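Model the full structure from these sequences, guided by the hints.
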Amino acid sequence: MVRNFLETEFCFSTRDQISSLYQLIYYGREDPQFFIDPQDLDSILRVHLEPFEFNHPALCQVLESLCGDREESPFYAEVKRTQAEHSQGFLKQKHQAQLEMHHRRELVELWKSLERRNAFLSEENASLREKLFLLDREAP
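Each residue of the sequence shown is one higher than the one before, starting from 2 at the first, in this note's numbering.
Think of the hints as simulated: they come from the structure by calculation, not from any bench.
Just so it is clear, the structure is predicted and the values come from calculations on it, not from any experiment.
Heads up, none of these hints are tricks.
With a Cα cut of at most 20 Å, we get these calculated DMTMM-like pairs of lysine to aspartate or glutamate:
(1) 81 <-> 70
(2) 113 <-> 124
(3) 113 <-> 125
(4) 113 <-> 101
(5) 81 <-> 41
(6) 95 <-> 107
(7) 81 <-> 65
(8) 81 <-> 43
DEER-style ranges, computed between Cβ atoms:
(9) 119 <-> 79: 57 to 63 Å
(10) 91 <-> 120: 39 to 45 Å
(11) 93 <-> 119: 37 to 43 Å
(12) 120 <-> 82: 54 to 60 Å
(13) 114 <-> 93: 28 to 34 Å
(14) 98 <-> 135: 53 to 59 Å
Beta carbons are placed, not taken as given, at the ideal position from N, Cα and C, and that holds for glycine.
What follows is the structure, encoded as structure tokens:
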């Protein structure tokens, strides 16, 4: 009877309502059946059920695999792998940004050094021109 009620209820529910119901069933207990974070479950359900029109057997397959296989579930492993790839990508971007910042700092230091060198050489040039001018005036 409960199963018939659920099937009838599912016929008129949206995917999000059904997913919320399952999350309530598994997480709303004192001894939750799921070992994974609810956000991970949401990611798993979105990844595996988005391409289809709502498919109750597919949802059951995902949930049964998560309950039975736990960390060994291919659904869970895929989400964790994807999260690891995103984290690695973020770390690479951060590292690249640090390298670019370091390079910019080096360029600024080089520019300042060249500016100081240019000022020194300009003063030397002016001094040498003055000496040449004086030598030209003294020469007969």
